[in-house]
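Those letters in the sequence shown? Residues 1 to 402, by the UniProt record's numbering.
Derived by calculation from the structure, the hints in this document are not laboratory data.
Backbone N, C-alpha and C fix where the C-beta goes; we use that ideal spot for every residue, glycine too.
A couple of the hints might just be wrong.
[Unchecked claim] Under the rule of at most 30 Å between Cα atoms (straight-line distance), these lysine-lysine pairs were calculated in the DSSO-like manner:
1) K165 <-> K294
2) K294 <-> K210
3) K218 <-> K281
4) K329 <-> K218
5) K165 <-> K334
6) K165 <-> K210
7) K100 <-> K218
8) K334 <-> K218
9) K100 <-> K281
10) K185 <-> K294
11) K210 <-> K99
12) K294 <-> K334
13) K218 <-> K294
14) K100 <-> K185
15) K210 <-> K281
16) K329 <-> K294
17) K281 <-> K99
18) K210 <-> K334
19) K99 <-> K218
20) K99 <-> K185
21) K281 <-> K329
22) K281 <-> K165
23) K281 <-> K294
24) K165 <-> K218
[As the list claims (entries may be wrong)] Cβ-Cβ distance ranges computed for the label pairs, FRET-style:
25) V113 <-> L304: 39 to 47 Å
26) R90 <-> L192: 35 to 43 Å
27) K185 <-> L163: 32 to 40 Å
28) G331 <-> N213: 18 to 26 Å
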Amino acid sequence: MSDKERQSGEEKRVEEPVLPVVNPELEHKPEPPKPTGLHPAFYIATWISFSSSVIIFNKWILDTAGFRYPIILTTWHLLFATIMTQILARFTHVLDSRKKVPMTGRVYLRAIVPIGLMFSLSLICGNLTYLYLSVSFIQMLKATMPVAVLLISWTLGTAAPNLRKLGNVSLIVVGVMIASYGEIKFVVTGVLFQFGGIVFEATRLVLMEKLLNSPEFKMDPLVSLYYFAPICAVMNLAVALVLEVPRLSLADIQNVGYFVLLANAMVAFGLNVSVVFLIGKTSSLVMTLSGVLKDILLVCASMLIFGDPVSGIQAVGYSVALAGLVYYKLGGEKLREYGAAGVRAWGEFGATRPASRRLVVIGATFLFIILVLGSASSFGVVPEQYDPVKTAGKHLGISGAQ
1 MSDKERQSGE
11 EKRVEEPVLP
21 VVNPELEHKP
31 EPPKPTGLHP
41 AFYIATWISF
51 SSSVIIFNKW
61 ILDTAGFRYP
71 IILTTWHLLF
81 ATIMTQILAR
91 FTHVLDSRKK
101 VPMTGRVYLR
111 AIVPIGLMFS
121 LSLICGNLTY
131 LYLSVSFIQM
141 LKATMPVAVL
151 LISWTLGTAA
161 PNLRKLGNVS
171 LIVVGVMIAS
181 YGEIKFVVTG
191 VLFQFGGIVF
201 EATRLVLMEK
211 LLNSPEFKMD
221 PLVSLYYFAP
231 ICAVMNLAVA
241 LVLEVPRLSL
251 ADIQNVGYFV
261 LLANAMVAFG
271 LNVSVVFLIG
281 KTSSLVMTLS
291 GVLKDILLVC
301 ASMLIFGDPV
311 SGIQAVGYSV
321 ALAGLVYYKL
331 GGEKLREYGA
341 AGVRAWGEFG
351 ATRPASRRLV
361 VIGATFLFII
371 LVLGSASSFG
381 VVPEQYDPVK
391 TAGKHLGISG
401 AQ
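From just these sequences and the hints, can you work out the full model?
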């Protein structure tokens, strides 16, 4: 054997790289982070609960409990909110974002004070309305808020007039007009106060939007309350000292109860806190639909708690107004998109849980029948003197039925 052959035999073979069976990057890929925190439905339910509770609570205090001092009640809410926001600012980090707002004395006088004035007037008019109108009718009138915001934004020059948008909100106006025509306890003074509150609130929203257009003035609702509550409390107190404090007695406060007034202020402040979390955890679509759901639940709660009558005409008119509100907020394209997604989700729900879907259909049908029958008497379909027991006795020949 030659030397070349011996050297070639001693050389080690170079092994070719073997392709791995498993991709190491995929094998060691970290798992997607699991969602943390509470489900958005919790924040929606919390906001609906607080918002509905404030309205029903105020109505009960001002009307049922006989504490007919709406301006003093509003002043108490704002004073409590001022105290709570000051405590949160000093001892927690909840309001730390306020430090990013370049607030000066000049800005406060030129921007915050006018908005605070509109806020105070809207709260005063809103609480005065509870003395004259039912909660259900008040919610129906509040559906005109987008119309007022649109018109005032044109008046103040913050938005260019758009006839297409005006046409979109016309359905809301038609619905509210139908609901007002069917209102049984229609009081002109209460309607004027409510529309005054809507105009002041719409003006506040337009001015607030104009202020927040500057990136440095981005404020969440709680920070806004930190700045607005003190000046609003002072304004409301000035009005209350002239109109309501002279006829207020200690017995009026004691009849309602100190604890009740404290609880009322806490619920009102809790509403502002829940709004902050709702905005941060949900989308504009969810907020719009949650508002519609809240209004419907408030109307039903008003019927159950206060016995407010709702006629069939009102139910039709309010349904038209809510449909117009959703269409204006979302637009036709979004509604078609969400509608198609909803149909698919409903089909999948029926395929996976047919028994549950049947229960939902039965429950919705039962609720619809209850609402129709509940409004039938007010609508004039069933006479007030109708007694089903006596009528059945006459037809069956039962003695004693007259």
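Going through the hints against the structure:
Using a Cα cut-off of 30 Å, the hinted pair K165 and K294 holds, with the two alpha carbons roughly 25 Å apart. Restraint check for K294 and K210: the C-alpha separation of about 28 Å stays at or below 30 Å, so the hint holds. Note on K218 and K281: the hinted pairing holds, with a Cα-Cα distance of about 17 Å set against a maximum of 30 Å. Restraint check for K329 and K218: satisfied, since their Cα atoms lie roughly 22 Å apart, inside the 30 Å limit.
At roughly 16 Å between alpha-carbon atoms, K165 and K334 fall within 30 Å of each other, so this suggested pair holds. Of the supplied pair hints, the one linking K165 and K210 holds, its CA atoms being roughly 19 Å apart against a limit of 30 Å. The straight-line distance between the Cα atoms of K100 and K218 is roughly 9 Å, inside the 30 Å bound, and the hint therefore holds. A C-alpha spacing of about 27 Å is found between K334 and K218, which places the hinted pair at or below 30 Å, so the restraint holds.
The straight-line distance between the Cα atoms of K100 and K281 is roughly 22 Å, inside the 30 Å bound, and the hint therefore holds. About 22 Å separates the Cα atoms of K185 and K294, which keeps this hinted pair within 30 Å; it holds. Between the alpha carbons of K210 and K99 the distance comes to roughly 20 Å, so the proposed pair stays at or under 30 Å and holds. The straight-line distance between the Cα atoms of K294 and K334 is roughly 21 Å, inside the 30 Å bound, and the hint therefore holds.
Our distance criterion of 30 Å between C-alpha atoms is met by K218 and K294, whose separation comes to about 27 Å. Using a Cα cut-off of 30 Å, the hinted pair K100 and K185 is violated, with the two alpha carbons roughly 49 Å apart. Between K210 and K281 the CA atoms are separated by roughly 24 Å; this keeps the pair inside 30 Å, and the hint holds. Using a Cα cut-off of 30 Å, the hinted pair K329 and K294 holds, with the two alpha carbons roughly 16 Å apart.
Distance restraint check for K281 and K99: the Cα-Cα separation of roughly 23 Å lies within the 30 Å cut-off, and the hinted pair is therefore satisfied. The straight-line distance between the Cα atoms of K210 and K334 is roughly 26 Å, inside the 30 Å bound, and the hint therefore holds. Of the pairs offered as hints, the one joining K99 and K218 holds, with about 11 Å between alpha carbons and a cut-off of 30 Å not exceeded. Only pairs whose Cα atoms come within 30 Å are accepted, and K99 paired with K185 is rejected, the gap being roughly 49 Å.
Restraint check for K281 and K329: the C-alpha separation of about 19 Å stays at or below 30 Å, so the hint holds. Taking the CA atoms of K281 and K165, the gap is about 28 Å. The hint holds against a cut of 30 Å. With a C-alpha separation of about 18 Å, the suggested pair K281 and K294 falls inside the 30 Å cut-off, and the hint holds. For the suggested pair K165 and K218, the alpha carbons sit about 27 Å apart, so the restraint of at most 30 Å is met.
Take V113 and L304: their Cβ atoms lie about 41 Å apart, and the range 39 to 47 Å holds. Restraint check, R90 to L192: a C-beta distance of roughly 42 Å satisfies the suggested window 35 to 43 Å. At about 36 Å, the beta-carbon gap between K185 and L163 stays in the expected band of 32 to 40 Å. Judged by the Cβ atoms, the range 18 to 26 Å given for G331 and N213 holds: they are separated by roughly 22 Å.
When the structure is compared with the earlier hints, violations turn up for hints 14, 20 and for no others.
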